[in-house]
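J.: Please model the entire structure based on the sequences and the hints provided.
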Amino acid sequence: MNKLKTIQEALDMIKPGMTIMVGGFLGVGSPELLIDGLIQRGIGELTLIANDTSFPDVNYGKLVQNKLVKKVYTSHIGTNPESGFQMHSGEMEVILTPQGTLVEQIRAAGAGLGGVLTPTGIGTVVEENKQKIEVDGKFYIVEKPLKADVALLRGAKVDQKGNVYYNLAARNFNPLMAMAADLVIVEADEIVEVGQINANDVMTPHIFVDVVVKGDR
Amino acid sequence: MNKLKTIQEALDMIKPGMTIMVGGFLGVGSPELLIDGLIQRGIGELTLIANDTSFPDVNYGKLVQNKLVKKVYTSHIGTNPESGFQMHSGEMEVILTPQGTLVEQIRAAGAGLGGVLTPTGIGTVVEENKQKIEVDGKFYIVEKPLKADVALLRGAKVDQKGNVYYNLAARNFNPLMAMAADLVIVEADEIVEVGQINANDVMTPHIFVDVVVKGDR
Amino acid sequence: MDTNQIKAIIAKRVAMEFKDGNLVNLGIGLPTLVANYIPEGVEVTLQSENGFIGMGPAPEAGKEDPDLVNAGAQYVTVNPGAAFFDSSISFSIIRGGHLDFTVLGALQVDEKGNLANWMIPGKKVPGMGGAMDLVTGAKKVIVAMTHTAKGSIKIMKECNLPLTAKGQVDLIVTEMGVMEVTPKGLLLKEKNPQFTLEEIQKQTEARLIVAEDIKDMEI
Amino acid sequence: MDTNQIKAIIAKRVAMEFKDGNLVNLGIGLPTLVANYIPEGVEVTLQSENGFIGMGPAPEAGKEDPDLVNAGAQYVTVNPGAAFFDSSISFSIIRGGHLDFTVLGALQVDEKGNLANWMIPGKKVPGMGGAMDLVTGAKKVIVAMTHTAKGSIKIMKECNLPLTAKGQVDLIVTEMGVMEVTPKGLLLKEKNPQFTLEEIQKQTEARLIVAEDIKDMEI
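As you go down the protein sequences, you meet chains A, G, W and L in turn.
Each residue of the first sequence is one higher than the one before, counting from 1 in the numbering used here.
Each residue of the second sequence is one higher than the one before, counting from 1001 in the numbering used here.
Each residue of the third sequence is one higher than the one before, counting from 2001 in the numbering used here.
Each residue of the fourth sequence is one higher than the one before, counting from 3001 in the numbering used here.
One or more hints might be untrue.
[Unchecked claim] Taking lysine-lysine and the DSBU-like style, the derived pairs with C-alpha atoms no more than 30 Å apart in a straight line are: (1) G:1144 to L:3166; (2) G:1147 to G:1070; (3) A:138 to W:2139; (4) G:1067 to L:3123; (5) A:130 to W:2112; (6) A:138 to W:2123; (7) G:1130 to A:144; (8) L:3123 to G:1070; (9) A:144 to W:2140; (10) L:3166 to G:1071; (11) A:130 to G:1144; (12) L:3124 to G:1070; (13) W:2124 to A:130; (14) W:2140 to G:1003; (15) W:2063 to W:2112; (16) L:3166 to G:1132; (17) L:3215 to L:3202; (18) G:1138 to L:3184; (19) L:3139 to A:144; (20) W:2112 to W:2019; (21) W:2123 to A:70; (22) G:1157 to W:2019; (23) G:1071 to L:3124; (24) G:1132 to L:3124; (25) A:138 to G:1003; (26) W:2184 to A:138; (27) G:1147 to L:3124; (28) W:2140 to G:1144; (29) W:2166 to G:1132; (30) G:1157 to L:3215; (31) A:71 to W:2123; (32) G:1138 to A:70; (33) W:2123 to A:130; (34) A:147 to W:2124; (35) G:1144 to A:144; (36) G:1130 to A:147.
[As the list claims (entries may be wrong)] Over the 12 Å line for every Cβ pair with chain A, so calculated as not near, a few chain L residues: (37) 3001; (38) 3066; (39) 3067; (40) 3078.
The hints are simulated quantities; they were obtained by calculation from the structure and are not laboratory data.
The beta-carbon is built from N, C-alpha and C at its ideal position, and this holds for glycine as well.
T.: Structure, rendered in structure tokens:
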């Protein structure tokens, strides 16, 4: 069960047209080398699931800039003008979702739940064309689980079995996405021996992680 | 904002008839002094939310043994014969719920969600009298959120602001219950200065915790 | 008044709402300034929705940590007792009613407490980010904004832009006054003495109910 | 055969199902014994639903840690690379399809893959604990049990006790044989050579379909 691979070996597993989740918040907590590799190889027609579309020159924002994304599930595109441009031109489909709903949809997929019952978006365009249910006199939108073929994550420390420890605000969506994709690839700032991360402090247990690559931090 | 209280001050906040959540799994990870205090004071007519009813002489199992519980939401009563006895005699109402559903119901209350959509229990008595919905051709039970007046928890290290760090298998339901009660009381094995728990390793952020008492470990 | 004066008046007034021990989320832009005016002796914990509580000021130059930014991707610091967590916990805090206050800007807000601040159809669609959850989940929602946008009216009888949330706003603080959303409409509780009631009403589409005990706003 | 021999046969046979790298949850009682028979060279990670993966054997006397127990409250140890988490993550693993195998006992199991193992109405109602989630969520569900309970039949045409889950069982391993749940019914794939087909069928209410390539069970 050797999970340690080179960036090129990891990229070989990602095909055009796949649905990819990328951890991070405006690019903070996102894998750098894997994203640059996707761009170098021109792996396109991707469906992207990420909190935002970052900035044009930062991390997964570059996937949009390079026109590799045909559809995106996200909460915010305002920091990347190219996203708005491609949305209006019809080149990229944009599904805007409240951030708290997006993270729960990803969690629901990983946790085997049938969806999310959220009050967020009731009375707004977000509820349009969606199933709603009443629980104890209050209405909730039924938001469906969101899963991916591949999750591309960044961890501060990853041990050789694949246990992950994240750093500060770089944690964000990463531990949730680790549970919601068929193939989970983590780019590690540092790869450490098993035991160097205290078992009580592991943030993503190794069983969720398929591939570990070394980042360049 | 001094959260440090004596056991007696903490017990003063718990009234007969309240709904209490108690962290722990068969008593492991449960507060000892707070439970013993409830028994000494005879605070009864309680609704208990806990994973199980422990053993007759262990922790919250003693609440049942002392007939202080009128209703319990739990996944398992098999280790405490007194629970089965009181259920059959009608002295205590027992709502049996699958463990994974119980923890999600508690989480849903803390997270402001309208409930849980779970496949667990479909085709069994668990689905009886409950709302079910279909998402993408599969049926799920709608399980309601579960909150409490008070959560009684145990932490290994708690800092003076109320940040909590749990130990090994004593974590279990504790961090979920910390989000789902109006009043959250944590019994600490050790109370430490602010900063002694690394901000990145905090398991329950201090904003969830109202009262910290010193345990006797 | 210049823009900085206006912002300072608003930020200072918003900060007076907080009580010791409150957990608060401040939106990007003007709301961020509120942190500078929190009264002495009132300890407020700031949440950053990208995953922590205990947010402190910007770091000194050269001390930036690339993994420690606020929800606007600006470098920040944390105060002692801070805690980091993942996005699901962050939004459990927000949606679950654990935030005492959220302070946000608005494109429009109306007398029913409706808020629009995430898109202008056909023009600008940045997305809602965490705003919809914040406004739905926080115990109190404060809109902090300039009273008008370059002369165009923002406090409406009814919002005509797509809503961020329905009926969730509790308080509106501008450089002209402090308005509470009540079942009867907007109650003007404080006014900036530099403006007359007529001047304020003229810049407001919703009819303002003037509080019997209306006070001067501290400016 | 004495009880220990019976249990050993069953546990050993179940362990042969596992592949290198699998994540497995073993129920209380007989299923726990399976850990002792995992073949050389096959690394299996054991989950304990009270909140960790990487469960190891019982500790030496005197080395027990009161905070480190399995789901049956027995002291255990963890292996290098273990990870602890809260109950919501534990059941995300279970319900979310991340477990390769769950191994449980049964009061009854039937030819449709229905399982009953959590209560006997009017007699014994221990509760389902994590069993319903385990059986619903795991990729493969193995029932490991003695073929009958003191002579009374447990492998039914249709369970008459309240179900733990409907149609989720994949494989049944007893001291008499190995039965796969198929759309046509129970396929007997291996049999203990100490029993004849007739003897096994006699202890089984469901009609057994005998596999063309039926093999002898390793005992």
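J.: It remains to establish, for every hint, whether it holds in the given structure.
T.: Do the hints match the structure? See the list:
Simply put, residue 1144 of chain G and residue 3166 of chain L have alpha-carbon atoms about 22 Å apart, close enough for the 30 Å limit, and the pair holds. Only pairs whose Cα atoms come within 30 Å are accepted, and residue 1147 of chain G paired with residue 1070 of chain G is accepted, the gap being roughly 17 Å. The straight-line distance between the Cα atoms of residue 138 of chain A and residue 2139 of chain W is roughly 17 Å, inside the 30 Å bound, and the hint therefore holds. Taken as a hint, the residue 1067 of chain G and residue 3123 of chain L pair is honoured in the structure, with Cα atoms around 22 Å apart against an allowance of 30 Å.
Under the criterion of a C-alpha separation no larger than 30 Å, the hint pairing residue 130 of chain A with residue 2112 of chain W is consistent with the structure, at around 25 Å. Straight-line distance between C-alpha atoms of residue 138 of chain A and residue 2123 of chain W comes to about 34 Å, which puts the hinted pair past the 30 Å bound. Simply put, residue 1130 of chain G and residue 144 of chain A have alpha-carbon atoms about 20 Å apart, close enough for the 30 Å limit, and the pair holds. Annotation: proposed proximity of residue 3123 of chain L to residue 1070 of chain G holds, straight-line Cα distance about 21 Å (limit 30 Å).
For the suggested pair residue 144 of chain A and residue 2140 of chain W, the alpha carbons sit about 29 Å apart, so the restraint of at most 30 Å is met. Restraint check: the Cα-Cα separation between residue 3166 of chain L and residue 1071 of chain G comes to about 29 Å, which is no more than 30 Å; the hinted pair holds. As the CA atoms of residue 130 of chain A and residue 1144 of chain G are separated by approximately 20 Å, the hinted pair is consistent with the 30 Å bound. Taking the CA atoms of residue 3124 of chain L and residue 1070 of chain G, the gap is about 20 Å. The hint holds against a cut of 30 Å.
Taking the CA atoms of residue 2124 of chain W and residue 130 of chain A, the gap is about 24 Å. The hint holds against a cut of 30 Å. Between residue 2140 of chain W and residue 1003 of chain G, the direct Cα distance comes to roughly 24 Å. Compliance with the 30 Å bound is thereby established for this hinted pair. Note on residue 2063 of chain W and residue 2112 of chain W: the hinted pairing is violated, with a Cα-Cα distance of about 45 Å set against a maximum of 30 Å. The suggested pairing of residue 3166 of chain L with residue 1132 of chain G holds, with an alpha-carbon distance near 16 Å, which does not exceed 30 Å.
Proximity of residue 3215 of chain L to residue 3202 of chain L is assessed by CA-CA distance (about 19 Å); at most 30 Å being required, the pair is judged to hold. Straight-line distance between C-alpha atoms of residue 1138 of chain G and residue 3184 of chain L comes to about 23 Å, which keeps the hinted pair within the 30 Å bound. The straight-line distance between the Cα atoms of residue 3139 of chain L and residue 144 of chain A is roughly 22 Å, inside the 30 Å bound, and the hint therefore holds. Taking the CA atoms of residue 2112 of chain W and residue 2019 of chain W, the gap is about 26 Å. The hint holds against a cut of 30 Å.
Distance check on the hinted pair: residue 2123 of chain W and residue 70 of chain A sit about 21 Å apart at the alpha-carbon level, within 30 Å; holds. Pair hint residue 1157 of chain G plus residue 2019 of chain W holds up; C-alpha atoms about 28 Å apart against a cutoff of 30 Å. Distance restraint check for residue 1071 of chain G and residue 3124 of chain L: the Cα-Cα separation of roughly 19 Å lies within the 30 Å cut-off, and the hinted pair is therefore satisfied. Of the pairs offered as hints, the one joining residue 1132 of chain G and residue 3124 of chain L holds, with about 28 Å between alpha carbons and a cut-off of 30 Å not exceeded.
For the hint linking residue 138 of chain A to residue 1003 of chain G, the alpha-carbon distance of about 34 Å lies beyond 30 Å, and the restraint is violated. Distance hint between residue 2184 of chain W and residue 138 of chain A is fulfilled; the C-alpha atoms sit about 23 Å from each other, no more than 30 Å. Of the supplied pair hints, the one linking residue 1147 of chain G and residue 3124 of chain L holds, its CA atoms being roughly 29 Å apart against a limit of 30 Å. Simply put, residue 2140 of chain W and residue 1144 of chain G have alpha-carbon atoms about 25 Å apart, close enough for the 30 Å limit, and the pair holds.
Taking the CA atoms of residue 2166 of chain W and residue 1132 of chain G, the gap is near 28 Å; set against the 30 Å cutoff, the hint holds. Pair hint residue 1157 of chain G plus residue 3215 of chain L does not hold up; C-alpha atoms about 56 Å apart against a cutoff of 30 Å. With a C-alpha separation of about 20 Å, the suggested pair residue 71 of chain A and residue 2123 of chain W falls inside the 30 Å cut-off, and the hint holds. Note on residue 1138 of chain G and residue 70 of chain A: the hinted pairing holds, with a Cα-Cα distance of about 28 Å set against a maximum of 30 Å.
Proposed proximity of residue 2123 of chain W and residue 130 of chain A is supported: the alpha carbons are some 25 Å apart, at most 30 Å. Taking the CA atoms of residue 147 of chain A and residue 2124 of chain W, the gap is near 29 Å; set against the 30 Å cutoff, the hint holds. Distance check on the hinted pair: residue 1144 of chain G and residue 144 of chain A sit about 18 Å apart at the alpha-carbon level, within 30 Å; holds. Between residue 1130 of chain G and residue 147 of chain A, the direct Cα distance comes to roughly 27 Å. Compliance with the 30 Å bound is thereby established for this hinted pair.
For residue 3001 of chain L, the shortest C-beta to C-beta distance to chain A comes to about 36 Å, beyond the 12 Å cut-off, and the non-interface label holds. The beta carbon of residue 3066 of chain L sits about 15 Å from the closest Cβ of chain A, which is more than 12 Å, so the claim that it is off the interface holds. With a least beta-carbon separation of about 10 Å from chain A, residue 3067 of chain L fails to lie farther than 12 Å from that chain, contradicting its non-interface assignment. Residue-level check failed: residue 3078 of chain L sits 6 Å from the nearest beta carbon of chain A, not beyond 12 Å.
Of the numbered hints listed earlier, those contradicted by the structure are 6, 15, 25, 30, 39, 40.
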